[in-house]
Amino acid sequence: MTSEVTIGAAECPECAALLAVPRGTVAGEILPCGECLAELEVTLLEPLTLALAPEVEEDWGE
Amino acid sequence: MSPTKVGLVCSRVRVEEKMLLEAFSRRPGVEVVQIDDDLIQAPLAGGAEPTGPAGDLRGCDVVLLRGLGHLRQLALARLVEAWGIPVVNPAEVLDTCGDKLRTTLALAAAGVPTPPARVAFTVEAALVAVEELGYPCVVKPTVGSWGRLVARLNDRDAAEAVLEHKALLGGALHKVLYLQAYIEKPGRDLRAFVLDGQTVAVIGRRSGHWITNTARGARAEAVVVSGELASICARAAGAVGGGALAVDLLEGPEGLLVNEVNSTMEFRNSVAPTGVDIPSLLVDHALALAERR
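Those protein sequences? They're chains A and B, same order as listed. Residue 54 in the working numbering sits at position 61 of the first sequence; the count goes up by one each step and never skips. So the number in the working numbering is just where the residue sits in the second sequence, counting from 1, plus 20.
There's no promise every hint is true.
Pair ranges (Cβ atoms, derived) [to be verified]:
| # | chain 1 | residue 1 | chain 2 | residue 2 | range |
| --- | --- | --- | --- | --- | --- |
| 1 | A | -1 | B | 151 | 34 to 42 Å |
| 2 | A | 42 | B | 72 | 17 to 25 Å |
| 3 | A | 44 | B | 22 | 48 to 56 Å |
Incomplete in silico selection of chain B near chain A, CB under 8 Å [what the hints assert, rightly or not]:
| # | residue |
| --- | --- |
| 4 | 32 |
| 5 | 33 |
| 6 | 121 |
| 7 | 189 |
Hints in this document: simulated from the structure, not taken from any laboratory. A virtual CB, placed ideally from N, CA and C, is assigned to each residue, including glycine.
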């Protein structure tokens, strides 16, 4: 399911909605689910795989 | 001639990392090895050679650490330095900037103006420190960022409540109580981007809230780099060990004060208002380290 603007679609692990992943997306990027608004991490491009992004940890930052 | 191999280490690819990848892609003779630090396991002793992602890291000419976790980055910097590979930023710099107590001590030792600050380890002792600093004052975790868990103590009641919560609910890191005088500021603070001691861009971070992190919604505006600003930034950078830094300053009633120094700069909101290609300059900095190797 690729197109000029997407590289495919994958299922949101939280709400099972089908999420179109924009072209130019790289592994490790965070995308919000349009349905449930969960933050999702693109863990693999081939096959396109999404996982719930980890919560912010105590020592995260600049 | 073999390409210069740059290790870009991160577990989450944010706007900044995409900007850096784009900037590296414009450089001829450069190969970027993107490494997910979630996947790294590396030998520390025993003579084994690193393999997998750690082996990829070992083969780099310079390593740019862009991970989110301070303690993980510090460990990686120590590992990479032990292999003799230059790293942005060096472990000593990460160690100093990642701990507000260490930063304050380094700034004070170098005579860089910084807000009055104290450390205490019990609620009772912290209350004495707070009374001596005066109200309002600020309590901050020594390790942390983005304004997280920073609290303004406006009066004795607030101080007692916040300190009691930290004592009862906080983890070990929160038992070291870092207290800082509150500095009245003109609705903004300053964020300077400093590379090798040179201030390359400055933004003002304007917010109606007293916490002025852009991660918390503050608006960025360009600020002209004055001689005074460049000078204090250079001194602050020198105090923490140099490298690629984001220096946060307050415009206090008696002049500029260095509030914090950040060793893994975020710049997504600063390129447009300043017109300065900060990711490209960071790439220059990393490649210069590889060349000097």
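Going through the hints against the structure:
1. Taking the beta carbon of each, residue -1(A) and residue 151(B) are about 60 Å apart, not inside 34 to 42 Å as hinted.
2. For the pair residue 42(A) and residue 72(B), the beta carbons lie near 20 Å from each other, so the given range of 17 to 25 Å is met.
3. Roughly 36 Å separates the CB atoms of residue 44(A) and residue 22(B), a value that falls outside the hinted 48 to 56 Å.
4. Hint on residue 32(B) holds. Least Cβ distance to chain A is approximately 6 Å, under the 8 Å limit.
5. Interface hint status for residue 33(B): upheld, as the beta-carbon distance to the closest one in chain A is roughly 4 Å, under 8 Å.
6. Taking 8 Å as the C-beta cut-off, the interface hint given for residue 121(B) is violated, the closest approach to chain A being about 14 Å.
7. Among the interface hints, the one on residue 189(B) is violated; its C-beta lies about 13 Å from the nearest C-beta in chain A, farther than the 8 Å criterion.
The structure fails hints 1, 3, 6, 7 (numbered hints given earlier, in ascending order).
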